[in-house]
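J.: Sequence:
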Amino acid sequence: CGAHRDRHAFRTRRASGPRQALDQGADISFGAGGATGNGALSAVAGDAGALCVGVDSDQWFTVPEAHPCLVTSAMKLIDVGVAELIAQAHAGTMEGGNYFGEVGLAPHHDFDSMVTDEMRDTLAAVMAGVDDGSRTPMP
Numbered sequence: 088c089g090a091h092r093d094r095h096a097f098r099t100r101r102a103s104g105p106r107q108a109l110d111q112g113a114d115i116s117f118g119a120g121g122a123t124g125n126g127a128l129s130a131v132a133g134d135a136g137a138l139c140v141g142v143d144s145d146q147w148f149t150v151p152e153a154h155p156c157l158v159t160s161a162m163k164l165i166d167v168g169v170a171e172l173i174a175q176a177h178a179g180t181m182e183g184g185n186y187f188g189e190v191g192l193a194p195h196h197d198f199d200s201m202v203t204d205e206m207r208d209t210l211a212a213v214m215a216g217v218d219d220g221s222r223t224p225m226p
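Heads up, the sequence shown is in this note's numbering, so the first residue is 88 and it goes up one at a time.
What the hints contain is simulated information worked out from the structure, not anything from laboratory work. Quantities reported herein were computed from a predicted structural model and do not represent experimental measurements. Cβ atoms here follow ideal geometry from the backbone N, Cα and C, with glycine treated the same way. Please note that the accuracy of each hint is not assured.
Label-pair distances were calculated between CB atoms; the ranges are [claimed, not checked]: (1) Gly136 to Gly179: 50 to 60 Å; (2) Arg222 to Glu182: 18 to 28 Å; (3) Met201 to Met181: 40 to 50 Å; (4) Val169 to Asp110: 37 to 47 Å; (5) Asp197 to Arg222: 19 to 29 Å; (6) Glu182 to Asp110: 11 to 21 Å; (7) Gly120 to Gly220: 23 to 33 Å; (8) Gly133 to Gly184: 34 to 44 Å; (9) Gly191 to Gly133: 23 to 33 Å; (10) Glu152 to Leu192: 45 to 55 Å; (11) Asn185 to Phe148: 37 to 47 Å; (12) Leu172 to Asp110: 36 to 46 Å; (13) Gly121 to Val169: 31 to 41 Å.
Please take these sequences and the hints and turn them into a complete structure.
T.: Written as structure tokens, this is what we have:
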């Protein structure tokens, strides 16, 4: 029970950051950070008109309480990467070290109608740059 209280307190503290950022004029909250990021999404969803972006997978399905703010999710396409690594291992061409796989964006779900053609074009250009290597998602 103590561990549950500690996790809840940590998630509650982490959720205050995105709310503070929105209060200071941020347009959107990016809920990165595993369970604490999920807590941030849930907290932001309670603010009328707030917008948020999930991370890792399509959080529409994993954090349903974020539906009121969840515009999309930045996804690690792990299934594609695992399949590629298995194929490399089978072919004997897999190299050691870090593997940087594909990324993508989840659908806009309930927010699809608010995403303009200009926004879609910008997102498509960014994703094309990531795909061809002219843009990197790494800092």
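J.: May I ask which of the numbered hints given earlier this structure violates, with the numbers listed in increasing order?
T.: Numbers 6, 10, 11 and 13 - these are the hints that the structure violates, sorted from lowest upward.
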